[in-house]
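K.L.:
Each chain, letter by letter, is given below.
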Amino acid sequence: MLTRCSHLAFSFLLVAAVALSGCAKRPATTQAAAPAPTGAATSTAAPTGGPQQLQSGGATGGTATPAPTTTARPAVQDFAAVADLTDVYFDFDKYDIRPNDAKTLDANATWLKSNPNHLVLIEGHCDERGTNEYNLALGERRAKSTMNYLVSQGVQANRITIISYGEERPQCTEHTESCWAKNRRAHFLVKPR
Amino acid sequence: MVLVTFLALAAPWSSPAQQQQGAGRATDVWMNVTGGGSKKLNIAVPEFTIVSGIDSTGMGKVLAQVTGADLTFSGLFSVVAGTGAIPANNPALLEQSWTEFAAAGAHAGLHGLLTMRGDRLEGEMRLYDLVTPEHRMIASKKFEAPIGQARRVAHKIADEVVLQFTGEPGIADTKIAYVTGPRGAKEITIADYDGAGPASATHNGSINLTPVWSPDARSLAYTSYKQGYPDLYRMFPFERRPDQTLAAFIGINTSPSFSPDGKSLALTLSKDGNPEIYVLTLATGTMRRLTRNAGIDTEPSWSPTGRQLAFVSDRNGAPNIFVMDAEGTSVRQLTSGGFHTQPRWSPKGDSLVYTVRQSVHDLWIVNVDGSNPRRLTNGAGNNQGATWAPNGRHLAFQSNRNGRWQIFAMLADGSAQEPITRGPGEATSPSWSPRLP
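Taken in sequence, the protein lines are chains A and B. Numbering of the first sequence is given in numbering that gives the first Met the number 0, commencing with residue 0 and proceeding in unit increments. Numbering of the second sequence is given in numbering that gives the first Met the number 0, commencing with residue 0 and proceeding in unit increments.
Warning: the hint list may mix true and false statements.
With a cut-off of at most 30 angstroms between alpha-carbon atoms, the simulated DSS-like pairs for lysine-lysine come out as follows [as the list claims (entries may be wrong)]:
(1) B/140 with B/270
(2) A/112 with A/181
(3) B/39 with B/140
(4) A/181 with A/93
(5) B/270 with A/93
(6) B/270 with A/181
(7) B/270 with A/112
(8) A/190 with A/102
(9) A/190 with B/347
(10) B/141 with B/38
(11) A/102 with B/270
(12) B/38 with B/347
(13) B/262 with B/347
(14) B/141 with B/60
(15) A/93 with A/112
Bear in mind the hints are in silico, worked out from the structure with no lab data behind them.
Looking at chain A on its own, in the form it has when it is part of the complex:
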């Protein structure tokens, strides 16, 4: 059907942004590695318009990368916070232990030495400034600096596990300096051996 008009009209071409929704649900897939500690099954939804759907035949298989094995790590969800261990904080883009925080860590080390049956997980965190990947590295350095300090105070290194959350788990979500200062931290969790 033809639309007719008596004149040429100057107009904007609307950007077509109609999301033709619909995603084919795929069966749950299993992880190549060990079962998820959360027990959550992972399923993968195929986005519409996937390139394989234009291909003939399923291109499954291919080269399998050997999953690198690693030293056993304790399950993260087994750890819990304990009131005796106090967080320490860091300056922006820094991972050295500040003098006041050294005193906090001394107290933490004393507690850990008097509770030798506990393993400790040190979480390294960043504020939202800086960028994602760099902050994962920065959080790692903060957790590591904290670990090194505790080891220097006589805590056995093999009791300590570290994990970086980068900027992914802020304690405080406002966009202010006081909030950011709270987020640049090392946090302690413990579990019995």
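Following the hints, position chain B against chain A.
P.N.:
Relative to the frame of chain A, chain B by itself:
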């Protein structure tokens, strides 16, 4: 090549709207004035013609709009759209339409023809030269897809038009992967490059970060906390195939970057004490260490030749961009002053885009020799996490200029900044796919 002719002839906006007689016309014609540039090619994109099958969903109109939007997005064209499709097999009405479009300033005409057979859709593009009086056809090509992927046919038609005029296919038939959700609960979503059809690619309820496409556009590497720790995985979103675990060492397993040949993956591990850059050979699992430095070394990005990598290091203080060769030697510092992160090497090889943090984050671009650093975003919230389109002409990035994180796209000179994601949630960390197979 047609390009030379058309660009030479392309004139500044010519005639204002002029009265036309309606009788006997196949289409009504109007011009898109949003482009505004005198150097763009004016291309007529009337509604696509249904050759056979029932078009119950208005596909002829929608797909012409999709193709038109692709051509506008390319930055190369101003689209002259029209209502009403040209009837099939009617050369006289087709010629009449081209005459009218040419009178309205169009330099080229795109005629799309759709054939529906069962659940298959065939789309044919026919490209006409409207500058010469005979309006001859200069190219034609057919594409086929399941009818559920009709938009891909429109994107492929647009990419073919771009190919005809520039010698390089367009980038409309691509995907963008990005991270959705608030902090603490992030999943990966894959959408068409224009934001259409977003679909979840992870559902594990943990934190999933930094998806990066492999060069064959069939897989993505990403960091996930689904096993508790930040480990590196590879997903195959278009196949019934489980994730591979790429790296699950003690410490962080982050910042994946596939080598251009797809055989290796550069990544950041802290298993040997502090964050360092390694290269994993995917076929064998062999891990090769590239950096040895007491500071943070992270965010490797391959050059398109595969001979060099850019990366971030705080070895001299604040984080800056460095370049090394693929063996980890010949390290040179590219930027200074910091806080510079997220280097992404241009597919053309001549420049790198990166993020500068001052009071807020903005995107900058610098030549590979470190010269001519220039700012691409300015004064509109935070802008970071850039990813190149495969042709090196566009960038996608994350911006919170509208109050929440969204994925934006722009031309590589910083112009034409437009949001891609429009939903209510947060969208970050985009990765633009290579052209789909």
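K.L.:
Now tell me if each hint is right for this structure.
P.N.:
Results of checking the hints against the structure:
no. : hint             : in the structure
1   : B/140 with B/270 : violated (52 angstroms)
2   : A/112 with A/181 : holds (27 angstroms)
3   : B/39 with B/140  : holds (23 angstroms)
4   : A/181 with A/93  : holds (14 angstroms)
5   : B/270 with A/93  : holds (20 angstroms)
6   : B/270 with A/181 : holds (27 angstroms)
7   : B/270 with A/112 : holds (26 angstroms)
8   : A/190 with A/102 : holds (23 angstroms)
9   : A/190 with B/347 : violated (52 angstroms)
10  : B/141 with B/38  : holds (29 angstroms)
11  : A/102 with B/270 : holds (28 angstroms)
12  : B/38 with B/347  : holds (23 angstroms)
13  : B/262 with B/347 : holds (20 angstroms)
14  : B/141 with B/60  : holds (18 angstroms)
15  : A/93 with A/112  : holds (27 angstroms)
Figure legend: structure checked against the earlier numbered hints; hints not met, in rising order: 1, 9.
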